[in-house]
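All chains, please: the whole structure from these sequences, using the hints.
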Amino acid sequence: MKKKYVGSYGVLKDVPNKLKYIYLEDLKKSNENLGITILKCIEEKEEYIVVQSLGGKAKFRLKREIYEIKNKPKFNIGDKVRLFKYPVLEAKVSKICWHNKDKRIYYLLNVKNDKRKSTSRYYEDENKFEKI
Numbered sequence: 004m005k006k007k008y009v010g011s012y013g014v015l016k017d018v019p020n021k022l023k024y025i026y027l028e029d030l031k032k033s034n035e036n037l038g039i040t041i042l043k044c045i046e047e048k049e050e051y052i053v054v055q056s057l058g059g060k061a062k063f064r065l066k067r068e069i070y071e072i073k074n075k076p077k078f079n080i081g082d083k084v085r086l087f088k089y090p091v092l093e094a095k096v097s098k099i100c101w102h103n104k105d106k107r108i109y110y111l112l113n114v115k116n117d118k119r120k121s122t123s124r125y126y127e128d129e130n131k132f133e134k135i
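Sequential numbering from 4 applies to the sequence shown in our numbering.
Bear in mind the hints are in silico, worked out from the structure with no lab data behind them. Any given hint could turn out to be false.
[What the hints assert, rightly or not] Distance condition first, Cα-Cα at most 20 Å in a straight line; then the derived EDC-like pairs of lysine to aspartate or glutamate: (1) Lys62 with Glu93; (2) Lys88 with Glu71; (3) Lys60 with Glu47; (4) Lys131 with Glu93; (5) Lys23 with Glu35; (6) Lys23 with Glu49; (7) Lys7 with Glu71; (8) Lys16 with Glu46; (9) Lys73 with Glu127.
Written out as structure tokens, the structure is:
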């Protein structure tokens, strides 16, 4: 049975020499780090798939063997959220990432009225915040 890629979310598989699976001319056009970002497949061709990182604008062509389909993230970039630890503070999801070692999604948040960027990782499966 053939996998359906378009509309799926995924990450790059942790394999040696990833560059042989990615079209290098696409990488040269962007400074995005594909290794830690969640990708969305937006197009499927016979020889490759086209993905875009969540929150990014650049498109990348990949060979199917490097793309591992994952569940859709619970939150989107720009979603307003409330941290359970600080219920009076409002934050926005600024980045959605993949932790290769732990094999799970985490989020970076920007807290409203706080000029500092959050360096804390908020893992999807730890339920430390909710959408508002």
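Structure-based check of each hint:
For the suggested pair Lys62 and Glu93, the alpha carbons sit about 31 Å apart, so the restraint of at most 20 Å is broken. For the hint pairing Lys88 with Glu71, the CA-to-CA distance comes to about 33 Å; that exceeds 20 Å, so the pair is violated. Pair hint Lys60 plus Glu47 holds up; C-alpha atoms about 18 Å apart against a cutoff of 20 Å. Distance hint between Lys131 and Glu93 is fulfilled; the C-alpha atoms sit about 13 Å from each other, no more than 20 Å.
About 17 Å separates the Cα atoms of Lys23 and Glu35, which keeps this hinted pair within 20 Å; it holds. With a C-alpha separation of about 17 Å, the suggested pair Lys23 and Glu49 falls inside the 20 Å cut-off, and the hint holds. For the proposed pair Lys7 and Glu71, the alpha carbon gap of about 12 Å is at most 20 Å, so the pair holds. Pair hint Lys16 plus Glu46 holds up; C-alpha atoms about 19 Å apart against a cutoff of 20 Å.
Annotation: proposed proximity of Lys73 to Glu127 holds, straight-line Cα distance about 13 Å (limit 20 Å).
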